[in-house]
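S.K.: Chains as they are written, first to last, in the working numbering: chain A, 1 to 437; chain B, 438 to 579.
Source of the hints: derived by calculation from the structure; they are not laboratory data. Using N, Cα and C, we set each Cβ at its ideal position, and we do this for glycine too. Accuracy of the hints is not assured; some may be wrong.
[As the list claims (entries may be wrong)] Listed below are the simulated SDA-like cross-link pairs for lysine to any residue, each with C-alpha atoms no more than 20 angstroms apart in a straight line:
no., chain 1, residue 1, chain 2, residue 2
1, B, 460, B, 526
2, B, 481, A, 243
3, B, 460, A, 242
4, B, 460, A, 335
5, B, 460, A, 122
6, B, 460, A, 234
7, B, 481, A, 39
8, B, 481, A, 235
9, B, 460, A, 263
10, B, 481, A, 122
11, B, 460, A, 217
12, B, 481, A, 149
13, B, 481, A, 118
14, B, 460, B, 529
15, B, 481, A, 115
16, B, 481, A, 245
17, B, 460, A, 243
18, B, 481, A, 261
19, B, 460, B, 493
20, B, 481, A, 262
21, B, 460, A, 236
[Stated by the list, open to error] Pulled a few chain B residues facing chain A out of the computed Cβ check, cut under 7 angstroms:
no., residue
22, 459
23, 466
24, 478
25, 499
26, 518
27, 520
28, 559
29, 563
30, 569
31, 572
32, 578
[What the hints assert, rightly or not] Partial list, computed: chain B residues near chain A (C-beta under 10 angstroms):
no., residue
33, 443
34, 448
35, 470
36, 486
37, 487
38, 506
39, 514
40, 522
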Amino acid sequence: MGAIDWSLVVLLNGAVVVYALVRPRRSQSSQDWFLGGRSLPWWIVGVSAFATAIDSSDLVADCGGVYSLGIAYFVTNWVGTVGGWVLLAQFVAVPMYRAGMYTNSEYLESRFGPSARLLSSLVQVQYRTMVMANISTTLFLTFSVVGGLGNESWWAVGVVVSLASAYTVLGGSRGVALADVVQSVLMIAASLILFGVVWSYVGGWHGLEARLAAHDPALPAQMLHVGGERTETIDVSGQSPELRLRQLLLGGEYSEQSQTITRRTPAWLVCISFILVGMAYSIVNHEQSMRLFAARSVWDMKLSVIVAGLLMLVMSFFNLMMGILGRGLYASPASLPVAESLRQTADAVYPVLIRDFTTVGFKGIVVAGLLAAAISTYAGIGAAMSALLTQDIYARLIAPNRDGVHYLRVGRWLTVAVTLGSFLYVPFLLAQGMMMF
Amino acid sequence: MGAFVIPLLTVYLMGVFTPVHRKSGTIGLLAGVAYGALRLVAAKLATSAGILILPAPLIDSFAAYPLSMLFTAGAMVLVSLALGFEPAAQRIPSTTKFDPRDPTRSSVSVAPDDSAGRSALPAVLSLVVVGLGLWLSFVVFW
Chain A
1 MGAIDWSLVV LLNGAVVVYA LVRPRRSQSS QDWFLGGRSL PWWIVGVSAF
51 ATAIDSSDLV ADCGGVYSLG IAYFVTNWVG TVGGWVLLAQ FVAVPMYRAG
101 MYTNSEYLES RFGPSARLLS SLVQVQYRTM VMANISTTLF LTFSVVGGLG
151 NESWWAVGVV VSLASAYTVL GGSRGVALAD VVQSVLMIAA SLILFGVVWS
201 YVGGWHGLEA RLAAHDPALP AQMLHVGGER TETIDVSGQS PELRLRQLLL
251 GGEYSEQSQT ITRRTPAWLV CISFILVGMA YSIVNHEQSM RLFAARSVWD
301 MKLSVIVAGL LMLVMSFFNL MMGILGRGLY ASPASLPVAE SLRQTADAVY
351 PVLIRDFTTV GFKGIVVAGL LAAAISTYAG IGAAMSALLT QDIYARLIAP
401 NRDGVHYLRV GRWLTVAVTL GSFLYVPFLL AQGMMMF
Chain B
438 MGAFVIPLLT VYLMGVFTPV HRKSGTIGLL AGVAYGALRL VAAKLATSAG
488 ILILPAPLID SFAAYPLSML FTAGAMVLVS LALGFEPAAQ RIPSTTKFDP
538 RDPTRSSVSV APDDSAGRSA LPAVLSLVVV GLGLWLSFVV FW
């Protein structure tokens, strides 16, 4: 990346961060911080929910996953996440909202008792801090591959994470939501630019089919159709008969000729799994409930997911298709034009497409959009996990009789703690890959 | 992810849509997590030691998600059959069940009067959006 591109990245994202720090009034109470003052209209809540859902790991890690899984994975967002949002806004979150709950885990205590609430909070904190680590890792890959910073990229990641934490700490839920609206514009522009350039280069749908078929005649059917049977082929050449038998304990058919084990999964089972994954994201994550709890009325809350859903339907196609386009261009992760350490998985495919297919200026806008996606979700997760730890564990179990100002202060400090703690996952993600389905 | 998050999803849905017993939440969650953990151990034992402690279909990574939901929901239903189902009045969420004295609640608990929340427009539009997603997935790109 050249000076123009870096300038665009700093200016565009810097402007958003400054806006997020200055625009919302500083949160004065727990209700302000945790519930956004219950003041946001449906369109802000909806855009914020979408922006929180799409982060740099969706753009980078999911594309790395779609590189192998194909278009069937789109069902996760198209049906799972969107359907989950509808269930959340129409049924699940409504009683929580009307009862004035601060976290979705509080509902579990009301319904099932304190142990369910505690387990829910712990599960969410573990799961979502790993996603924060995903985001940090995708930023590292982007700065490393596109920016050419190599291992120095971690300093840049630190700066980005610090800025996201800063406006979360000060603005809370409302600050995060307002920033999300501006960041969404950047994210959408970046995604459309990159898609347009690569789609044109590949030759559109027919060109993509031809490129995939050139790698493997069976690939177009597997990659471009939701209804295609999922086939996993494991190379067992060089393995002893005993090891081969152990692999076969997990199912599959062995081919003596090709020395491979093939496991097939029917499309209906793949789709059900993906739908459950998407639905779990929408309903279980407090960062999504937190967006809805900031709505000024139940009607606004219910309408907001229409906005979020429509944005998700459209942008999922443009975002996730990059993984399949990458597969058309690069037959295997080993053929990616990156350092050998980054070729263990396909996670580098999205940064490679940015680096090799965008020109000066457009590169800066696309990277700025990726950063905007990372910052918006980072902030959302930070606020939500802080809320869970403060309300469900600290206030509920450790210090139950303190006032709202105290809990607000604790919430701010826990945002920093959660952010720093998430980096413990990073070495594991770099070694194993980010999308572990 | 499936080992923990799918059981939690199931507990939320069962809690909202069914009258399962109050004690079934934690038990269902633990049952779902136990299956998830056992599945991971079973896969490892099979490939490293050649020992199969679960049938292959129960170890499959795609099947694990719906199976996790089934185990969690099944455990919740069994507990409810043994202990009884929860009356509707006791299922209404309330923060006073655990926070009767929390001063931060007083300004939030009473939600603004929201008769517009009963408008059918959001529900209708929701069905349209969900329908679009289903159409894209199972018609256009099938």
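S.K.: Which hints, by number, does the structure contradict?
M.R.: 3, 4, 6, 7, 9, 10, 11, 12, 13, 15, 17, 19, 21, 24, 26, 27, 31, 39 and 40
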